[in-house]
Every structure is written in structure tokens, then in C-alpha cells.
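Take these sequences, add in the hints, and give me the full structure.
So the protein lines, in turn, are chains L and W.
With full-length UniProt numbering, you'll find the first sequence wraps up at 404, consecutive numbering, no jumps.
With full-length UniProt numbering, you'll find the second sequence wraps up at 138, consecutive numbering, no jumps.
Please note that the accuracy of each hint is not assured.
[What the hints assert, rightly or not] Below 27 Å or equal to it, Euclidean Cα-Cα: the simulated DSSO-like pairs (lysine-lysine) are: (1) L/Lys-96 <-> L/Lys-238; (2) L/Lys-96 <-> W/Lys-63; (3) L/Lys-398 <-> L/Lys-333; (4) L/Lys-210 <-> W/Lys-137; (5) W/Lys-118 <-> L/Lys-96; (6) L/Lys-210 <-> W/Lys-118; (7) W/Lys-137 <-> L/Lys-227; (8) L/Lys-173 <-> W/Lys-110; (9) L/Lys-142 <-> W/Lys-64; (10) L/Lys-335 <-> L/Lys-398; (11) L/Lys-100 <-> W/Lys-76; (12) W/Lys-110 <-> W/Lys-19; (13) W/Lys-82 <-> W/Lys-19; (14) L/Lys-238 <-> W/Lys-110; (15) L/Lys-304 <-> L/Lys-124; (16) L/Lys-211 <-> W/Lys-82; (17) L/Lys-52 <-> W/Lys-118; (18) L/Lys-227 <-> W/Lys-110.
Read the hints as simulated data drawn from the structure, not as lab findings.
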Amino acid sequence: MKNLCTLLTCCILLNTAFSQVDDTAKVKLDLLRAPASPAANLLGFATSDIEKPTDISAFMASLQSSSGNNSILPSNYAVDLAPFWLFRAKGLTTDKMDSKKFSDVFRQTFVFSTAVRGADSTSKEYNPANFYNSFGIKFSIKRGAFSRQTTETLDTINLLASQVAADVNATLKSTLDSNAAYQLLAEERRNRIRENGGNMNDPQVLAINKKMAALQEELRNGIVAQKELIHSRLALLKTKAEAFRIERFGFFIDLAGGATLEYVDKIFSQSNVHNAGAWLTFGANYESGWTLLGITRYLFNPKKAFADNAGLLKTGDVSTFDAGARIIYNHPKSKFALSGEGIYRSVLNNDIVDPSWRLVVNAEYDLGNNQRLTFAFGRHFSGMVTRGNVIAALNFLKGFGNRR
Amino acid sequence: MAKSAKSIAKTIDAAFEEKTTLDTAYLVDGSNRPVTLEIIVGAPGQTAVTDMILGDEPILRGKKGSVNEFTLDINKALNGKKLHITTVMIDTSRDTNNVESIIRLRGGFKFIEYELFKVVKNEGDNAIFTSVIEFFKL
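Encoded structure:
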């Protein structure tokens with residue numbers, strides 16, 4: 001029952017008060033965040049609906065499931081592919097994951113995303129007669145460094161592993177050198193290789209190799225079990241490795257971009273751009289709980305409805321350029337979080353719509369037991385479909401499920 | 001003749017069989033050509049540290065992660081020597097429990113690659129891979 005409750009955990013809005021008369025356009029309180037998946041974002045997919053396969057088998061399974069066993073084109077499908085991770089990047093151990101080199105950062109963070117949306121009669125934004133396909137990429141130009149705790153834990157792990165490796169190697173070497181049975185097998189192998197003219201695939205040579213490996217394993221396991229120092233270091237190594245988590249802090253720059261194609265009447269040759277966007281996010285986060293964020297964003301929305309200066313509703317191609325900043329304070333040990341964001345929006349290709357700005361302050365308090373109180377106050381962009389531009393919202397969020 | 005299902009299953013099992021030790025001979029000749037060694041460790045996000053002794057000389061201490069290709073010695077100088085490699089693998093990845101090491105030797109009689117592999121049971125577990133390679137000239 002508990003598991004069922006956990007699965008069904010959801011947050012409901014118990015008390016909401018918006019000053020806006022018309023809220024047909026959603027007021028998002030967290031605009032200053034580059035999408036994790038640009039293609040899915042442009043087609044309005046929820047983060048939880050995005051497939052993120054970590055290996056080829058998982059990707060094939062996901063594709064098969066969404067395409068009715070490869071018999072039809074997927075109609076609602078979004079996927080993020082990280083090529084470097086997908087193809088089992090051998091050699092990418094923790095020592096390389098804190099690399100500052102651009103080539104390392106780029107290949108480790110590069111994500112290609114794609115999404116498709118077919119007939120969906122419930123959506124107002126998409127014509128059910130058409131087919132939509134979006135593509136996007138995201139990568140870091142610079143990323144934060146390992147936190148102090150991550151670095152310290154990794155240094156301890158490396159030091160302990162280094163001591164164990166040196167101890168086991170030296171002890172095993174001297175044990176094998178003085179083991180008569182092992183030396184006899186080595187001599188037998190040399191003789192056999194001489195006799196067969198250097199054929200290393202000779203079944204007898206392979207059998208001797210196997211015997212020597214088994215003896216080596218037995219002796220190695222004996223060393224690990226008997227040497228108290230190795231045993232205790234391995235136990236400590238396990239404790240440290242269990243607690244190891246990668247946390248990054250410091251300056252970062254992320255770039256994301258994507259575009260959606262609309263295939264009119266589902267005909268491949270009749271396609272046009274439905275929307276497109278590019279995000280450049282930069283900033284820094286600190287172990288003290290402060291995060292400073294800056295963003296520039298370009299969005300292209302053809303045939304978009306907007307209100308002109310006289311308040312009349314018009315449609316046309318709208319290209320917007322947003323620039324903004326956000327500051328967040330959320331101490332890891334504190335229940336209180338405070339953030340403020342300001343965005344300046346300029347409509348690039350339209351003289352009718354004036355530039356506008358938005359300023360929102362958001363406070364949040366964690367009441368515990370899956371309860372959260374949030375308060376937002378500020379000014380929304382002018383010239384939207386909605387009337388008025390004051391944002392004032394007090395939300396109480398309650399989650400059902402296990403108490404945390 | 002077609003292989004039986006049992007034989008195929010046995011082959012698949014062998015391919016995925018855990019292997020944490022290697023004991024083999026690597027054929028060299030009497031030339032001055034260098035013999036090189038490379039070690040690639042994984043899976044992504046894991047931690048590895050390697051120690052190496054060639055003959056009686058420690059040649060690598062506490063090397064983190066993979067070992068880029070480097071020259072061990074020339075063919076004729078390696079004859080009769082043994083290379084001892086110990087790699088301690090630590091499961092620090094939260095995506096997989098696989099730990100593996102690929103050892104590549106070049107420059108001797110022929111290029112050869114060996115693979116050591118294990119699936120650890122729990123997060124944070126470790127595995128010790130040991131290898132002994134004897135350089136041998138006919």
C-alpha cells in the first residue's frame with residue numbers, strides 16, 4: 001500500500017489566488033532555465049515523458065515500444081541521446097569526469113534530443129491533421145568543478161585503492177615466485193610453446209593458462225583475506241565508495257538549441273518551421289547555497305497571437321529575444337528558499353509589440369512531510385493575451401505518500 | 001553442422017563469465033622494436049587504480065583510470081621477464097555495477113587483447129584484477 005501511495009504521489013494545489021482576470025496563458029514562475037531537452041521542450045513534452053536510454057539495448061527497446069514493434073511511426077515520442085554515454089564510453093572513469101578541457105566537457109555533456117508529435121485532438125497548439133518533429137542539441141561549454149566533499153572522497157578512494165594495488169601486486173609477485181606448483185606450470189607452458197612452434201591457441205597451452213590463472217586467483221584471494229591491512233583498507237574503500245556522489249559547483253556555461261518542423265497533412269515535402277529556440281545559460285552555484293544565473297534566449301514562433309498597443313488581437317511571425325538574470329538562495333540544510341528573476345524581452349521582427357520586462361520574487365518554505373508553501377509576487381510581461389500583468393500567487397503543495 | 005542450443009548457451013555464458021585473473025605468455029622476437037601496453041578501464045563512472053611491476057622493477061604506481069599506450073621495452077630486452085599488473089576497480093557509478101579492464105599489447109609477435117570483467121553485487125563494492133604476462137622468445 002505504501003508503495004502504491006508512493007507511486008501515486010502527486011502535488012495538488014489547495015489554495016491559489018491569481019490577480020489576473022484571464023489566465024489562459026500559463027504564468028511560469030521559473031522561466032530562467034534552459035530546457036534539459038530542447039526538442040521535447042519545443043513540442044511541449046513533460047520531463048517525465050522523455051526517454052533517456054543509457055545503452056543501445058534500452059534505446060532499441062524504447063523505440064520498439066513506441067513504434068508498435070517497428071510497424072508504425074511513433075506518434076508521441078521524445079528521446080534524449082547522449083552519444084558518448086550511449087556507446088559505453090570505455091575509459092571514462094571518475095578521474096576524467098572533472099576534466100576542464102573543452103573537448104572532454106563537450107563530449108561528456110553533449111545531448112541530441114528529438115521528439116515527434118502526431119494526431120492529438122486534445123491539444124490546441126497542434127493541428128491533428130499535421131505531424132510535428134523537433135530536433136535539438138545541448139552541451140556545456142564550461143561546467144562546474146567537483147565539490148570539496150566529492151574531491152575529498154575521491155582522493156581518499158584513490159589513495160586507498162593505490163595502497164591496496166601496490167600491496168597486492170608486490171605480495172602476489174613474491175608469492176608466485178616462490179610457489180613451486182606455479183613455477184612448474186610456468187615451465188610446462190614454456191616447453192609446450194617451444195614444442196608447438198609458438199602456437200598460443202594450442203589447447204594444452206590454454207589449459208595450462210587456465211590452471212595458472214586459477215592458482216593465481218586462489219593465492220590472491222588468500223592474500224586479501226589474510227593481510228589485515230588490505231582487508232581493512234578494502235572495507236574503508238567500500239564505505240567511501242558507497243557514499244560517493246558527484247556534485248559540481250562553480251562557473252558554468254550551457255548552450256542549447258532546437259527547431260520543430262510541421263509536416264502539413266503529414267506530407268514530407270510540405271513542411272515548415274513550427275517554432276525554434278536557442279538558449280545560452282551561464283552562471284555559478286556555490287556550496288553556501290547561492291546560485292547566480294544568467295540567460296539569453298531566442299525564440300521564433302510563426303503565426304503567434306499577440307495583443308497590439310490598442311489591445312487588439314493579431315497574429316504574425318514573432319521572434320523574441322530574452323535576456324535575464326536569476327538569483328537563488330537555497331541552503332542545503334535550510335527549509336527556506338528565496339529566488340528572484342528579471343527578464344527583458346524584445347520582439348525583434350515586429351514594431352507593433354513593445355519590448356517588455358518581467359520581475360518575479362519567489363519564496364518557498366518546506367513544511368516537511370511532503371508539504372510546501374510557496375509565494376510569488378511580481379510583474380509579468382505586457383502585451384500578452386492575458387489582461388493585467390501582476391503575478392501574485394500563494395500556493396500550498398501537499399504530496400501524498402511516504403513521509404520524508 | 002549447426003550448433004545445438006546447449007552449445008550456443010554455453011558459448012554465451014562463457015562470453016559473460018566473470019574473469020578477474022589473467023595468466024598468459026606473450027611472444028616476442030630478438031628485435032629492437034618497442035613493445036607497448038595500453039589499459040582501458042570501465043564502465044563509465046567507475047574508479048580504477050593500477051600498479052605494475054616489470055621483472056623486479058615497479059614501473060607504474062597508483063595510476064588513476066586508463067593507462068595510455070606506453071613502451072614497456074624493446075622486444076629482445078623483454079624476453080624472459082614477467083609483467084605483474086594489479087588493478088583495483090571501485091564501483092562509483094550509480095548507473096551500472098560492471099567493472100572491466102582491457103589490456104592491449106602491441107609490438108611483439110602479434111597484437112593481442114585480453115579482457116577482465118566482473119559485475120559487483122552492491123553499490124560501492126570493489127574488485128581486484130590481477131594479471132601475469134610472461135614475455136617469451138622462441
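Against the structure, the hints:
For the proposed pair L/Lys-96 and L/Lys-238, the alpha carbon gap of about 21 Å is at most 27 Å, so the pair holds. Distance hint between L/Lys-96 and W/Lys-63 is fulfilled; the C-alpha atoms sit about 13 Å from each other, no more than 27 Å. With a C-alpha separation of about 21 Å, the suggested pair L/Lys-398 and L/Lys-333 falls inside the 27 Å cut-off, and the hint holds. At roughly 21 Å between alpha-carbon atoms, L/Lys-210 and W/Lys-137 fall within 27 Å of each other, so this suggested pair holds.
With a C-alpha separation of about 22 Å, the suggested pairing of W/Lys-118 with L/Lys-96 holds against the 27 Å cut-off. About 17 Å separates the Cα atoms of L/Lys-210 and W/Lys-118, which keeps this hinted pair within 27 Å; it holds. About 36 Å separates the Cα atoms of W/Lys-137 and L/Lys-227, which puts this hinted pair outside 27 Å; it is violated. In summary, the hint linking L/Lys-173 to W/Lys-110 is supported, as the alpha carbons are separated by about 26 Å, within the 27 Å threshold.
Proximity of L/Lys-142 to W/Lys-64 is assessed by CA-CA distance (about 23 Å); at most 27 Å being required, the pair is judged to hold. At most 27 Å may separate the alpha-carbon atoms for a hinted pair to count; L/Lys-335 and L/Lys-398 meet this at roughly 15 Å. With a C-alpha separation of about 41 Å, the suggested pair L/Lys-100 and W/Lys-76 falls outside the 27 Å cut-off, and the hint is violated. Taken as a hint, the W/Lys-110 and W/Lys-19 pair is honoured in the structure, with Cα atoms around 23 Å apart against an allowance of 27 Å.
Taken as a hint, the W/Lys-82 and W/Lys-19 pair is honoured in the structure, with Cα atoms around 20 Å apart against an allowance of 27 Å. Among the hinted pairs, L/Lys-238 with W/Lys-110 is inconsistent with the structure: their alpha-carbon atoms are about 39 Å apart, more than 27 Å. In summary, the hint linking L/Lys-304 to L/Lys-124 is supported, as the alpha carbons are separated by about 13 Å, within the 27 Å threshold. Our distance criterion of 27 Å between C-alpha atoms is met by L/Lys-211 and W/Lys-82, whose separation comes to about 17 Å.
Of the supplied pair hints, the one linking L/Lys-52 and W/Lys-118 holds, its CA atoms being roughly 25 Å apart against a limit of 27 Å. As the CA atoms of L/Lys-227 and W/Lys-110 are separated by approximately 38 Å, the hinted pair breaks the 27 Å bound.
Hint check: violations occur at hints 7, 11, 14 and 18; the rest are consistent with the structure.
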